[in-house]
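Order-wise, the sequence lines are chains Z and D. With our numbering, letter number 65 in the first sequence gets 65, and the count goes up by one each step, no holes. Quick note, our numbering runs 257 ahead of the 1-based positions in the second sequence.
A couple of the hints might just be wrong.
Stated by the list, open to error - Here are the simulated distance ranges between beta carbons:
id, chain 1, residue 1, chain 2, residue 2, range
1, D, 341, Z, 65, 32 to 42 Å
2, Z, 1, D, 385, 51 to 61 Å
3, D, 337, Z, 244, 52 to 62 Å
4, Z, 188, D, 276, 46 to 56 Å
5, D, 385, Z, 187, 40 to 50 Å
6, Z, 187, D, 388, 27 to 37 Å
7, Z, 114, D, 419, 40 to 50 Å
8, D, 276, Z, 7, 48 to 58 Å
9, Z, 227, D, 337, 39 to 49 Å
10, Z, 187, D, 419, 35 to 45 Å
11, Z, 234, D, 462, 31 to 41 Å
12, Z, 133, D, 387, 19 to 29 Å
13, D, 419, Z, 133, 40 to 50 Å
14, Z, 193, D, 369, 44 to 54 Å
Said to hold, decoys possible - To spell it out: a stretch of chain D is covered by chain Z in this simulated footprint if at least three of its residues, at any positions, have a beta carbon under 8 Å from a beta carbon of chain Z; those stretches are:
id, region
15, 304-313
16, 343-355
The set of hints was computed from the structure by calculation and includes no laboratory data. Keep in mind the model is a prediction, meaning the values are calculated, not measured. Just so it is clear, CB atoms sit at the ideal spot from N, CA and C, and this is done for glycine as well.
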Amino acid sequence: MMRTISTLAVSTFRETVRDRIFYLVGMFGFVMLASTAVLSPLTIGAQGKIMTDVGLAAMVVFGMLVVLLVGSNMVRKEVEKGTIVTILSKPVGRRQYLLGKFLGLNLTLVSMLGLMGVLFMLMLLMAPGSFSPAYLGAIYLTLLELVLINAVVVFFSTCVSAPLAAIFTLGTFVAGHLSQSIRDFGALQGTPFQQKLFNVIYYLLPNLEVFNMRGAVVHGETIAASHLLLATVYGVGYAGLLLILAGAVFQRRALRG
Amino acid sequence: MDAARMGRIALAGILLAMMIGSLTILDTRATAPESQERLYFPSGRFLVESSLGFREAVADYLWFRFIQYYGAFAKGFNDLRYFDLLIDGITRLDPRFVEAYHFASLVAWSDFGDFAKSHDVLKRGILHNPGNARLHFAVGFMYYVFEQDYPRAALWFEQAGECPDATDRERRFAAFARQRAGDDTVSLELWRTLLESTSNPQMKDLAVTMIEKITRRITIQRTYGPEFIGPIPEL
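Generate coordinates for the entire structure from the input sequences, incorporating the hints supplied.
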């Protein structure tokens, strides 16, 4: 079973490489260079901070682009082309297929963030006083956030069309960064029922702020090991649940050859 | 080259000229003062919610806008009516953006001539960055230079000197301010602390000289009384 999943994952990864997804890493390098060379004269003493902010934010943006553009289309493309029937006619379960696709895209994200991380660190090493090993923690949390969003897009791509999956995933990303406000808003409601309702919504939505430690590390804070551990547990747990749900939905889908 | 291809190239050239020409005319119509004044800056609270996970990056973007806005003001293109809104936005998005508080306090004092506003900005910065020596130092510096309130300046410099990121500069200024305020005993103590804590040889020399000078003055005042005026005699 593991071999089947890993074969699917590797083939998904190769597919994204063929789609020239890694051009985005080049764009990231360009953004970093631009933030160093062009923006530096305008920063008035905040060059290191701004370079780091731009670099860490760009990783999320480019990662989201990959998840939305590739992830939303990943399953749908094979369903529409009919190639999925060929794959599933072999001893490959539908859940294994989804898991393979999910892991394949994660492999792409890991490679992309790894390359971006190296570029980012190199640029920071060139700007004196900007480098900190704590940034590795922030990059790791960014990866976790993208893995979770990847699970969201895989889930939606099993139920709706590719453009809708991308829109719903983007919506989840927005709501995920506002989930704390949703909870606070609920606390202001008059009746206990409303308060409970908002609390349920809070737990249903992913709290993506858990993975946002970019501001803290930029200002010299380190990320506690306990936070990294808990965020990992949360991210893996949430993504796992979504994959189980996606598997259940995908099991019931009628596929045409 | 066939006629059809030539035609396509000519059409592309015409379209390019139309595009550049129209944009150039539009650019000359929108003058800098109008474009700056027409800017709409949403409130800081709204920005915090709407920036999602990119609060610091949005703060940086607003910081660039602020610098351009201030640059346009310096050239006489606009006033600073959005100053408070912009600074509020930047510092709410990134409460630890020390440079923003620092620069804003200078603008508040130098361009608005408003010491209280300048002080408020710095105090807000200190509230969010209690361990930042630079912000404490800036308050002390304002009392020292602009208000000539040396005892209060010395207090702020001393607080700056106690911050984890303090350098010799804060302690040196604290000692000077105490001396300026006529508080020789405290000043002497501060110079001694600086002498023990600094690794800078020039700073050590300065501290030794100042300790000698103040000790001599204290001894003279004890010998001849506090009313003594005139050149300090050699002891």
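Assessment of proposed distance window 46 to 56 Å (beta carbons of residue 188/Z, residue 276/D): holds, 51 Å
Range hint 44 to 54 Å (beta carbons of residue 193/Z and residue 369/D) holds or violated: holds, 51 Å
Range hint compliance [Cβ, residue 227/Z to residue 337/D, 39 to 49 Å]: Holds, at about 41 Å.
Status of the given 51 to 61 Å range, CB of residue 385/D versus CB of residue 1/Z: holds, 52 Å
Whether the CB-CB distance between residue 341/D and residue 65/Z falls inside 32 to 42 Å: About 36 Å separates the Cβ atoms of residue 341/D and residue 65/Z, which means 32 to 42 Å holds.
Cβ distance range 27 to 37 Å for residue 187/Z and residue 388/D, holds or violated: holds, 31 Å
Coverage assertion for the region 304-313 of chain D with respect to chain Z, Cβ distance below 8 Å, three residues required: Contact hint for the region 304-313 of chain D vs chain Z: holds, 6 residues under 8 Å.
Whether the CB-CB distance between residue 385/D and residue 187/Z falls inside 40 to 50 Å: Taking Cβ atoms as reference, residue 385/D and residue 187/Z lie about 24 Å apart, which means the hint is violated.
Hint check for residue 244/Z and residue 337/D - Cβ pair distance inside 52 to 62 Å: holds, 56 Å
CB-CB spacing for residue 462/D and residue 234/Z relative to the 31 to 41 Å hint: The hinted range 31 to 41 Å is violated for residue 234/Z and residue 462/D, with Cβ atoms some 57 Å apart.
Range hint 19 to 29 Å (beta carbons of residue 133/Z and residue 387/D) holds or violated: The hint (19 to 29 Å, Cβ to Cβ) holds, given that residue 133/Z and residue 387/D are roughly 25 Å apart.
Cβ separation of residue 419/D and residue 133/Z, checked against the hinted range 40 to 50 Å: Violated, since residue 419/D and residue 133/Z (Cβ atoms, about 28 Å apart) do not stay within the stated range.
Going through the hint list in order, the structure does not satisfy hints 5, 11, 13.
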